[in-house]
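Chemist: Sequence:
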Amino acid sequence: MEDIFDIIYLSHIAVGHGGRDRLKVETSIKYANITTDMINIFLSLCETCQKKKKLGKKGLVSKPILHTEFNSRCQMDSIDMQSQPDAQFKFILNYQDHLIKFVLLRPLQTKRAEEVASHVFDIFLTFGAPVLLHSDNGSEFVNNLITELTDLRPE
Numbered sequence: 001m002e003d004i005f006d007i008i009y010l011s012h013i014a015v016g017h018g019g020r021d022r023l024k025v026e027t028s029i030k031y032a033n034i035t036t037d038m039i040n041i042f043l044s045l046c047e048t049c050q051k052k053k054k055l056g057k058k059g060l061v062s063k064p065i066l067h068t069e070f071n072s073r074c075q076m077d078s079i080d081m082q083s084q085p086d087a088q089f090k091f092i093l094n095y096q097d098h099l100i101k102f103v104l105l106r107p108l109q110t111k112r113a114e115e116v117a118s119h120v121f122d123i124f125l126t127f128g129a130p131v132l133l134h135s136d137n138g139s140e141f142v143n144n145l146i147t148e149l150t151d152l153r154p155e
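Those letters in the sequence shown? Residues 1 to 155, by UniProt numbering.
I should point out that these hints are in silico values taken from the structure, not numbers from a laboratory.
Note that the coordinates shown come from a computational prediction; the quantities given were computed from them, not determined experimentally.
It is possible that some hints are incorrect.
Distance windows between CB atoms, simulated [what the hints assert, rightly or not]: (1) V142 - R20: 46 to 52 Å; (2) M81 - L10: 45 to 51 Å; (3) K54 - A129: 43 to 49 Å; (4) P85 - D6: 58 to 64 Å; (5) L132 - Y31: 22 to 28 Å; (6) I146 - L105: 19 to 25 Å; (7) R20 - F141: 48 to 54 Å; (8) F89 - I146: 23 to 29 Å.
Here are the simulated lysine-lysine pairs, DSS-like style, with alpha carbons at most 27 Å apart [what the hints assert, rightly or not]: (9) K24 - K53; (10) K54 - K24; (11) K90 - K111; (12) K24 - K51; (13) K24 - K52; (14) K101 - K111; (15) K90 - K101.
All C-beta atoms in this analysis are idealised placements derived from N, C-alpha and C, irrespective of residue type, glycine included.
Throw the hints in and build the complete structure from the sequences for me.
Modeler: Structure, rendered in structure tokens:
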């Protein structure tokens, strides 16, 4: 019985902790007497597989974000180009509409809220402000950006 355990163990490692079907194929190449029940018992004892099973499989998006019109949801991020600056420009402002994936790029010398706000305000004047503007730059930066945009807005 220990020999069967060792055979299943080595096959299981060879298939990278693969599941029942992959293990059955691997063991059937050399051995005809290893049953699916034996494989199931072995898999139930493998700690790595049990941990992997508990984690479950995560999908990319469980519920897609739906948009119905241009400029309803936009995202802005900065791309760090400090390793390859173009003269005084070390960053790129990336502004994208989620619905049609339209992208606007603007060169930035710094990531200061004042400079970013100036470019974002220019985009707003061209296309209008989006219903929702998303940024991964952190709440402090976003708060400063909103303050700067408010200061730029005419009364």
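Chemist: It remains to establish, for every hint, whether it holds in the given structure.
Modeler: Right, here's what the structure says about each hint:
no., hint, verdict
1, V142 - R20: 46 to 52 Å, "holds, 49 Å"
2, M81 - L10: 45 to 51 Å, "holds, 50 Å"
3, K54 - A129: 43 to 49 Å, "holds, 45 Å"
4, P85 - D6: 58 to 64 Å, "holds, 59 Å"
5, L132 - Y31: 22 to 28 Å, "violated, 59 Å"
6, I146 - L105: 19 to 25 Å, "holds, 22 Å"
7, R20 - F141: 48 to 54 Å, "holds, 50 Å"
8, F89 - I146: 23 to 29 Å, "holds, 24 Å"
9, K24 - K53, "holds, 19 Å"
10, K54 - K24, "holds, 22 Å"
11, K90 - K111, "holds, 9 Å"
12, K24 - K51, "holds, 21 Å"
13, K24 - K52, "holds, 19 Å"
14, K101 - K111, "holds, 23 Å"
15, K90 - K101, "holds, 24 Å"
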